Amino acid sequence: MSFLRFVNCTPHLTRTSRAFAANSAKLPAPSLNTIGPYLVFDRHVKTIQKDRAALRDGGERSRMVDYLRDEVADRMMERFLDIKRKFDTVLDLGSGAGHFSKLLEVDKVKKSIMLESSNALLNRDPDSEYEVEVHRIHGDEENILHSVGRGSLEAVVTCLSLHWVNDLPGALVQIREALQSDGLFLGAMFGGDTLFELRTALQLAEVEREGGISPHVSPMTDTRDVSNLLGRAGFTMLTVDIDEVKIAYPSMWELMEDLQDMGESNAVFGRRDTIQRDTLSAASAIYKELHGAEDGSIPATFQIIYLIGWKPAPTQPKPLERGAGKVNLKEVL
Amino acid sequence: MSPPAISGAKEPLRPLKRLALHTTSTCAAQATKYGKCIAASYLDVSKDMCKEEFAEFRSCVRQAMKKR
Numbered sequence: 001m002s003f004l005r006f007v008n009c010t011p012h013l014t015r016t017s018r019a020f021a022a023n024s025a026k027l028p029a030p031s032l033n034t035i036g037p038y039l040v041f042d043r044h045v046k047t048i049q050k051d052r053a054a055l056r057d058g059g060e061r062s063r064m065v066d067y068l069r070d071e072v073a074d075r076m077m078e079r080f081l082d083i084k085r086k087f088d089t090v091l092d093l094g095s096g097a098g099h100f101s102k103l104l105e106v107d108k109v110k111k112s113i114m115l116e117s118s119n120a121l122l123n124r125d126p127d128s129e130y131e132v133e134v135h136r137i138h139g140d141e142e143n144i145l146h147s148v149g150r151g152s153l154e155a156v157v158t159c160l161s162l163h164w165v166n167d168l169p170g171a172l173v174q175i176r177e178a179l180q181s182d183g184l185f186l187g188a189m190f191g192g193d194t195l196f197e198l199r200t201a202l203q204l205a206e207v208e209r210e211g212g213i214s215p216h217v218s219p220m221t222d223t224r225d226v227s228n229l230l231g232r233a234g235f236t237m238l239t240v241d242i243d244e245v246k247i248a249y250p251s252m253w254e255l256m257e258d259l260q261d262m263g264e265s266n267a268v269f270g271r272r273d274t275i276q277r278d279t280l281s282a283a284s285a286i287y288k289e290l291h292g293a294e295d296g297s298i299p300a301t302f303q304i305i306y307l308i309g310w311k312p313a314p315t316q317p318k319p320l321e322r323g324a325g326k327v328n329l330k331e332v333l
Numbered sequence: 334m335s336p337p338a339i340s341g342a343k344e345p346l347r348p349l350k351r352l353a354l355h356t357t358s359t360c361a362a363q364a365t366k367y368g369k370c371i372a373a374s375y376l377d378v379s380k381d382m383c384k385e386e387f388a389e390f391r392s393c394v395r396q397a398m399k400k401r
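Chains as they are written, first to last, in our numbering: chain A, 1 to 333; chain B, 334 to 401.
By construction, these hints were calculated from the structure, which means they are not laboratory data.
Only a predicted model underlies this, so the values are computations on that prediction, with no experimental measurement involved.
Glycine included, C-beta positions come from ideal geometry on N, C-alpha and C.
Mixed in with the good hints, there may be bad ones.
Which bits of chain B does chain A cover? Going by a derived footprint, with three or more residues having C-beta under 8 Å, they are [as the list claims (entries may be wrong)]:
hint : segment
1    : 351 to 360
2    : 363 to 371
3    : 381 to 394
Excised from the complex, chain B in its bound form (with noise of 0.2 Å):
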């Protein structure tokens, strides 16, 4: 018995790989404005720190999970 294909080209992605593409490459730009708000005082975080960054990254990856 052969295993089966674990990802064929024409199935579309599970959201959670969408997801990850999105975070990681799609919106990386804005990923890495989030990451460097939070490395810039990692030692002492607080909620809603980089509220601001963070919301940018979110649009972006809303507006990308949206378009299939």
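Okay, chain A solo, but in the shape it has when bound (with noise of 0.2 Å):
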């Protein structure tokens, strides 16, 4: 909370010019010659990020903005519940203030396990609003296995988390270590065309105005790449599925402070500290002129993919070996 104070005291120009810029990073971009995993999100800045939104106003403003997270846990939970099964746990990978768990009933799930590594956020909410038991562990996300053991879970939800993320494939084999055979992933994330009309007018008021572009809206993961990427990680019967949410603002600055108490501000390495104020003015104008409804609203696009895999288990359906059919299709179509 001290921090936030701090920040409430800086003189009006610098806040200016910083309140939509991120926090710089505290480690250097890396170098395209280092070896090891993908660095593209500084998750320490997320974090931050997070904690900074989940206690600004004392919570009031994060919960304003719970509506994205929460039209997408009740989409995710249609699909939780075609899943014909009873689980004693759940695990909530990146879990947020709960709102998927917050909507788990009892006659199906006994005990949810939230793991999410913004404290702030975690602890946002109180376990009333939860009809199922509720554990917290605050924890990587990347790292599920320092927090849970290896097969010791029935199910792994998640629900827009795994976009911040650097080890995707990673994380999913993770996903599947920490899985009993026969157990479930399910999980939501943003696709490749989230927010394009925020990085299309980002991109087009810097070019005009600077000159050249830099990151300020994440890279996101491909639609198609991802039925691929859950096969690498060793799921099986993986059912993909791509939905939209389109949500209408008065303008481009409503979304951006929207997002910003989403938590979920540029935390891309090697974005730059600020923005100048003409760019911003500039990229809202052409965000209007570009995509703007008839109404004055802006609209603003997010790409939903739903994933679910199974872990493999020998008692799981196979598909019937080559030439063992019996009925000829030719005479059936």
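Could you use the hints to bring the two separately framed chains together as a complex?
Spelled out as structure tokens, the structure:
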């Protein structure tokens, strides 16, 4: 909290230029020649952003922008209910303020383990808001095997958290390892078309005003890659589907403010510390002209990829051997 | 404990809020003009392509920001 107060004391001028700028990187931007997992996101900064967002105005602002996560959690729940199985415990990976766990009902799931890297967000809402028993773990979504044992879980769910994971293939392998055999993995993550309006508006504004572009909206997973990633991580019986949530805002400024309150500010390595006021103004004008609706509002697209995968088990149904068919499809069709 | 009021009517708007207000409503006409210039050839944008339109937009915003 003390840091928040400090921010509030800074002179007005500084705040104008800094308010939508991400905090500067604690580590140098990775060189392309380094070896190791892909480092795209500064997860340390991401945690700070989420903590701050959850604490702003005593959590009021964070609750006000729950609309997106609650909507996606609701759509993910539909998919979860389609799975006719009861679970004792599920792991809600990157739970945030428990948007998905709050929807769980006791006749389906007994207990939810919430794992989240932001302590403030994890503990934002009291246990009384959950129908099922919850257990909260303050841990790293990228290293879940540090927090849970191998082969210990019946199901892992994750709702809008994987888009800040650097090593997505590695995280998926860890999820599979943490599952019991025939365990379920169900997730929702942002796909590549998310916020394309904001991305293009900022790019055009930066090119026209300053003559170059810099990362403002994260690179996101392409929908086509997701099933490959799941297959590579060793999941079977995959189901991947895409959905879109479109939200109308009065202008780009409200969108950016809400993103900030969601803890979704820019955390890409190599981002710029500040955005010039002129560039922001230009982006606002371009956004409205290029994407604006007739009623004067501007749309923001959130593309959601839902993924379902199972850890392999001998009891699972398998495709029959080639040539085992008895019915000639020519006659059927 | 009741939550603190997010923004009272008497409280002056934060600078960023004022910038948002002026870029979207006070100077909407200039903003549209600049936006149209970009939209006319957004597939091939170069630096200072819409310099004049932006200068107009910018001076309008600056004027508005000066007034309290």
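**Q.** Index of numbered hints that the structure contradicts, given in increasing order
**A.** Violated: none.
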